[in-house]
Each structure stands twice: as structure tokens, then as C-alpha cells.
Amino acid sequence: MTKNIAMRRDVANEKNHPGGSGSLNRAGRPTRVPSWADDAEAQPSNPGLDRSEPLLFEIGAPEKTGVDFDPCPEPGDEFLGGLGREEDQLGLYGLSEPETLRHYVRLSQQNHAIDLSTYPLGSCTMKHNPRQNEKIARLPGLSDIHPLQPVQTVQGALAVMQELARWLCTLTHMPAVALAPKAGAHGEFCGMLAIKKAIEARGQSETNRRKKILVPKNAHGTNPATAIQCGFNVVEIEANANGHVDLENFDAQLDETIAGLMLTNPNTCGLFEPDIRKIADALHEAGGYFYCDGANFNALAGMVRPGDLGIDAMHINLHKTFSTPHGGGGPGAGPTVLSEALAPYAPLPFVKMEASGELTLVEDETALGAEKSMGRLAAFHGQMGMFTRALAHMMAHGADGLMQMSKDAVLNANYILHHLKPYIRPAFPGYCMHEALFDDKKLKENGVELIDFAKAMIDAGFHPMTTYFPLVVSGAMLIEPTETESRHDLDRFIAAMQSLLEEVSSGKTEKFKAAPVRTAMGRLDETRAARQPILVWQETETT
Amino acid sequence: MRYLPLTDEDRFQMLAQIGAGDIREFYEDVPSEYLLDTPIADLPNAQSELAVERWFAGQAARNLDAGKAAFFCGAGAYRHHIPASVDHIIQRSEFLTSYTPYQPEISQGSLQALFEFQTQVARLTGMDLANASMYDGATAAAEAVLMACRLTRRNKVLLSRNLHPHYAQACKTLGQAQDIEFVTLPAEIEGEAIGQILAHIDQELACLVMQNPDFFGHLRDLSPLSKAVHKVKALLVGVVTEIVSSGLIKTPGEMGADIVAAEGQSLGVGLQFGGPHVGLLSCRNERSFLRQLPGRLCGETVDVRGQRGFVLTLSTREQHIRRGKATSNICTNSGLMALAFSIHASLLGEKGVREMACQSHARTVQLHKALEPIKAVKIWNTSFFNEFSLRLPTGAAQLVDQLSEEGILAGVPVARLLPGHGFEKDLLVACTERTTQVEIETFAKMLQKVLA
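These protein sequences, in sequence, are chains A and B. Numbers given in my numbering equal positions in the first sequence, counted from 1, plus 3. Numbers given in my numbering equal positions in the second sequence, counted from 1, plus 8.
Because the hints were derived from the structure by calculation, they are not lab data. You may find that some hints are simply not true.
Said to hold, decoys possible - Covered by chain A, according to a simulated footprint, are these stretches of chain B (three or more residues, beta-carbon under 8 Å):
id	region
1	162-176
2	447-456
Said to hold, decoys possible - Lysine-lysine pairs mimicking DSBU-like chemistry, simulated, CA-CA at most 35 Å apart:
id	chain 1	residue 1	chain 2	residue 2
3	A	LYS375	B	LYS180
4	B	LYS333	A	LYS444
5	A	LYS516	B	LYS333
6	B	LYS164	B	LYS180
7	B	LYS457	B	LYS76
8	A	LYS516	A	LYS447
9	A	LYS214	B	LYS333
10	B	LYS241	A	LYS214
11	B	LYS76	A	LYS214
12	B	LYS333	A	LYS445
Model, not experiment: these values are computed from the prediction. All residues carry an ideal CB built from backbone N, CA and C; glycine is no exception.
Pulled out of the complex, with its shape left as it was, chain A reads as follows (with noise of 0.2 Å):
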């Protein structure tokens, strides 16, 4: 172990502090939590800046503003129908702008985020966020446009459009794509849509007996929430010891009602399906058509091409692979690559270029190569905002940085792997993909729940990493740390999980059922959230 790690371990092991000579971080300034953390009686993080702060309606007043008009001729109520209000009826109430910012800024403090330290969510992606992005997303040529003004004054708009549908092609070596969609989830949407008509081409028998969407086991939620909203019947299929398909329990599955399978790769356990295009070839056999789930595309972007391995369409999370922001929710974009055999059900509207050579919108399903669209996702074009800004990380990164993305992002997951297994156990044996599982026997073991594990985390200062899912493996813990994570970072990862999971062996249960205490918010009471739903604001008789 080199020395920077065992500084990180002294930093993360409280029984070195209080007092002492404490230990020092690369800069040399001295690191020691404080004496209070050892103090049974819970304490914010740093007490003199308590962050806690009232809702907005218990600050503010309906005849606050922070937002000056200038003088404007009264209207009248001449057309208005009959349908005018009276004043103060809304019940809505405002702040000066001091306190919009102190209130706003003052939350913000809240938050745990990306740019504050690793975020190790299996299958999030949550890797560093380009300001270069922000800044072209926001030039006004981009951004203050109208999206039905004529296409002849926004040609830069749809160029930008159009490079980033050749990119997410080219990347996929794919014939088509669809940038509608406006997550991943409603990329997801759009494939299963297309396959569903695909199938009605083939006629009414066909119709009436292809139902059957295989998902393995281990898939995301949407993916079989999307498959019954498309009217599609979900079988589960499973996994093999190592965690891949299981290639007979999938064969057997595949019958003359079989539509098609959504396949995750490399899978939600971090691993490349080896056997992906004897898959796809013996769907393809069977009647059926073959969507990914790409959002794991951050092992494979540069590195290999969905479109050979034989899928029929793909999302990609721009959100993950491509470095827009989650912005605690979204927005994200799902454009989604389609075969040539779906393309043609490609939804409304998609980039075209004319004969001229100028760049227009094909928003009408009797336009030529529009007449079996499957129609529209969504209001206007798409994830614009989302467009350029991915285009930018992928312009930044070219076709050889991808490659290096891909590669860092595998390197980094692998480092983890081989740190932690010593101190818990690897889901599946052999090297992981861009994400590395593992399961929680080695805290069970020692009384530990996994729930209590990943609260302990966030006193160590990290955002636990996705627990609970996959649902193949007990107990879940899935860590991706993106190419973006340094190797000091990655380190001080690495110590923090090492000396907890030391903790664990132990047996010092207690601390982690009473994690966390270094953050402003104990543990929240989710069932009595669920239990008795208060979701708005309500005056009181005393407001």
C-alpha cells in the first residue's frame, strides 16, 4: 500500500483523533475530525454553519416580490372571456431577491453532489460534468430560439442536431437514430414501440401471437415497466452462475410468441454478455427483435459497436455516457439507434437534408420516409439543450478520447474490485466491466445490515453506492466510479470503504445503526412519509 493510502485511512479511522498529531493530506495542512464526532449525541457536520431552513411560504409573504416590471398600459378585461380572477387568489408567495438567494444557496448546502466527491452508483454514471458544456448550452443562438420559428433561421440548431445523430450512428455503427425521446426510459419506450409496430407490419396473426418480451432478471425496473406499457406480456428469464444469460432457459423461451428481449450490456452486474450475438442471431431466427438497454454504454463507447453484436435498437443516456448533468432528477435525454428494420418507425420529427443542402425537420407523417412513423413522443424536438452539450464531451473527447473514457472507466472499476474483495465478496469471480458487484454476505455475517453500511458511508463523506439492485444478488452493492475519478480519489475511496469494512468485522454494529450523525438530517421516517402523504404546503390557523 503506498503512503498516500494510509494517510486517507488515518483521516477515515476515528480512533486516531481527537488530540494528537492528527495526519496530513498532500497540502500539508492538518486533517482531524472534530472531538464531537465521538460524542454519543449527534452533531451536524460543522455546527456553526447550520444550514437547516424554513420553507419558502414560512419566509416569505404573498406581497413579496423580488422582481421589478416596468410600467405597462392596464389591459382591461375586454378579452378576457368572462374568465378573469381576482388578486391574491393563487395563494402563491414570494421573496425579495437577498432572500431567494441566501434561501436557495442555504439548500443548496444540503445537497451531496458529483463535483463534492465520488459518487459510486452502479449504474448511474455519475461522472464529472463539463463547464464547457454549460457555457456553449447557453449561448444565445443555441438556446434562445424558438423551436417552430422557420428552419431557415435555425440551420446552426439543426446541424448541431445532425452531427450529434452522426456520432450516437457512427459510435453504434447503427443506420438510424431517434433524438425524440426525452430520457432513457422514453428511449426505452420508443424502441418497444417500434418493435410493436414492426411486428403489426407482419400482419394480424403475427400481431395477435407475438406478446412475449423476455427481461432478465436482473434488468432495471423500466424495463419491464415499458414493456407492459406497450401492451407486451414479460417473461424473466435468468441468469448462469456467472452471471450472464442463461443461455438454455433463454432458448427455451423461444417459441413463435416471442416479440423480442430487452437485453442490458454489459448487464446490470457490470458484465459484457460473451455470448451476445448468438443471442441476437438465435432471436432474430425465432421472429423476435433485440433492444439494449445502453445504459451502461460508458464500458463499451469507442471501444465496441452495439450495431455489430446484432441489436435492433438502443437508448443512450446522455445523462450518463455523455456527461449532462443529473441536476438532482433530470433533465436527461434517450436518444435511441435503430436497425434498419425499425428505422422505419422512427418517431416524429427527425433531421433531414434537402437536395439543396439545407437542413429541415420532418414533422408530418405524410412526408416522404414519415408514412409508418410510429408518431410523436413529445411536444417539439427533443432534448436540445441536452444535445449540445453532449456533442461538446463527445467533440472534447474525439474518437480516440472515447476510447480512453471507456477504457479508464473499466481500469478504474477493476481497482475496486481487486482493493475490496479481500473485505467483501465479488458477486461473480473474474474481472467486472465498468461497475463492480458485490454482495453483503461478509456484513451479514457480522450483524451488519447493508442499509446501516451505506449510511456509514455518508458520515465517511461518499454517496453510498447503488444497494439493492440488481435483484439477482442479495443484498446488492454495485460500484461504478467512472473515468473520471483520479487515482487520489479512487485511494480515498478505496481507505474510507476498507476501514469501515474493518469497523464491520469488529462487530461495532451499533455505530452503524446510528449512521449518519455528522449530517444535518438523521435518518428520515420514510413509512410514516408513505403512511400519511403530506406532499404540499397548508397554511395552519396561525399563518
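Following the hints, put chain B in place on chain A, whose structure we already have.
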């Protein structure tokens, strides 16, 4: 490469510790014929920040942005003024780069903001509760339709003839996958006749979807329709594409809607060439509604120390818990745009929303007064909030093209959204509080000149 922190030395040492010779060994499960040896030839290699910036600046320069023109486009996306604070706050690392708040102890910022957002959305739509956002107004409407079908256990849906065409199409695309029968009557630019709607309300109806202000800008009291629909135990889904209208006219909730699907883009988000926007979905407070509401929900609770806090709740409706039986497959929604919406709404407050609505309407009244004297132009609307439709003596698309060369973005030709239905000479024009008297006069003058 500026986004990749590992050095060659790091990689070498890490591989040595793992006991592997090359990173490609980790790809051992990939059949060798599919593992690329060299970078994909058809794509350029890495570029500097400067080079990437240059390319995008070049593309941006080819577009006529709204700030450089007299701007009158609407049709579901409106250009209001967004205070500088909004964009500043959403760019804070803790908001921009955080994940979905699944670990509530370290996500109270996002969660509390969501709780405030839900409250604001409920109040702006006149409903009891709202979810944590949808992708946009159109997909919110589509999900509202599915929700109504589940609640009533019926599958016939009546779409208002004057529903935004994109919304109607999104409803149909989502609904077709579930054998929902849609009844749509042809759009009516003069304003929708209530009689035809009433004729289709029967015991098989799951819901009626009504937009107000409608696609052509007309205002209508939804109360009589709400009564008719409730008589047959069906539901009224109200749609709003311009949420600022709630500042001046009755909300769908006040007029008897059961579910409201709206677009929130007017507040905090901007045009963005159509996305990302933010879908708003709200409903009445009934147990059955709550169980069928799709999307994320943030609820209030307490922590172990007795402090008030917020968590994502009622997750048994959602895909990550219920999988195939979920109310929707939605996962990632529009979190950061919901925050932007909420910040803008907080800055505005009751008075600000009212004033923004008044001024948007006032400018549109001015535009109406400026265009009315032009004999060649016929205005269809007797009522409107900030958008109305007019009939020109000539093709609307060609006129808009011509005026765009004069620095006027003259509105949206109706036929762009409703091709082949006889609307080729009709134009939708919209104003907001940003529209100036000078712009209005310039538009009227140019229009008069071109039509002469």
C-alpha cells in the same frame, strides 16, 4: 485529455496492483472480432476547449435568436424574462451535479425545493397536489390520459379539437400502445363549439381533455364541461401550455378539472429550442388518485432527531419498485428545470405572477389593436390571454419567411402543426411582458406593407 485524470503512470501502477498487463484484458468477455483496436476512423480525434467552442459558436451564429428580432412566436413555448438569479442558482454544483435524492439525509436541498415546487404547481393549477415533474406538458397530458383510464377503468378518451396538436399526438402515441380509443374532432379556429363535445360524453368515456387557453388562444369556462363529464363518472383533464395565464384567468382546477397537465417552461426555463422543458402534473387529493399518479413524489416527514425533513415517497407506484406493475416507466424527469421554475415562481410571488400575466395580456391587447385596422387581416379571437390567431389573405408560412428576413419572427403558421387541414393562411401570434410597443408597431407596419 482534460476530463480524464488518470496519467499513464497511474494506469501502469493500477494495472500492476491488479495483476493485469493491459486494460484490454478486462474486455475478455467481448469476442475479439468486436473489440476495436483503433479509434473509429469516421470521427475526429480529441479537440481542445477552444476548438469545440469555435465550432459551436459558428453554429450558433447561423441562427436568428429571439433577442435579435421582434418576436411573436408562441404555440406552446413562450419567451418571458427570467431574472439572472435563476440561472445562477441552478448552476451551483450542489444542484447541477447532484443525483436523484434517493439518500435523503444528504439531499435535503433538492427534496425541500421539490416540496416547494409541488406546492407552487398545485396552486398555479388550482389543484390539491402535484408530482415532482414530467418531461414536458405533452407527455404530462399523455400520462394524465392513462391515469384517467386506470381510475375509471374505461378506455375511451375525448380530445378537445383545440388541444395543441403535439399534445394530441403524444397522447395518441402513448395511448395506442394500450388500446385506448381516441375520439378527436377536427380543430376549429373560430373557437370550439361546446355542442359537439357534449354529444360525445357518454358512459364509456374515461376522460375529456380540454386545453385553456386553447391552441388558437380562445378562452373558455370549463365548468359546464366538468359538470357534464362528472355526470357520467368520467374525468376532466385540463391542459395549460402557458402557465403564466393562471395569474390572470381562472385555473382548470377552479373550473372543475380532476387532473391538470401543464407546461412550466414559461417560468425559469426559456425557449431552449423546445427542450428541456418541464411538465407539470397535478390532481385532486383522493387516495385513488394518489395511488395512480405517475412520477416522483416528495413528502414531508421527520428524522430520528425530530427535525422536519423531506423524502421521496409512495415509491410503490414507480418502476424501480413495482417494475411491470408501475403506473409509468418514468424515472429521470426534469429536476433541474423544476428547480428553475420554482426559483422564478418564488422571486415573482403572487404579485409578480399577477403582474407578468397582466403585462403579457396587455401587450397582446396592444397587438390586437395594432392589427385590427389592417383590412386584409381577420382576427379569429374575441377572447385570448397572450396569444390569438389571424387569417391572412396569403400563405402564412411564406409571410413568416419573408418577415424573418426583415428581423421579425412573426409568429407560428398554424399549418406547421396542422398541415393539410385548410389552415395554410392562418397564423398564431403571441406576446409577453418582454414585447415592446416599438416591436408591435414595427410588426403592424411591416405586415401592412407586405400585404398591400
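Exercise. Which hint numbers does the structure go against, in order from smallest to largest?
Worked result: Numbers 2, 11 - these are the hints that the structure violates, sorted from lowest upward.
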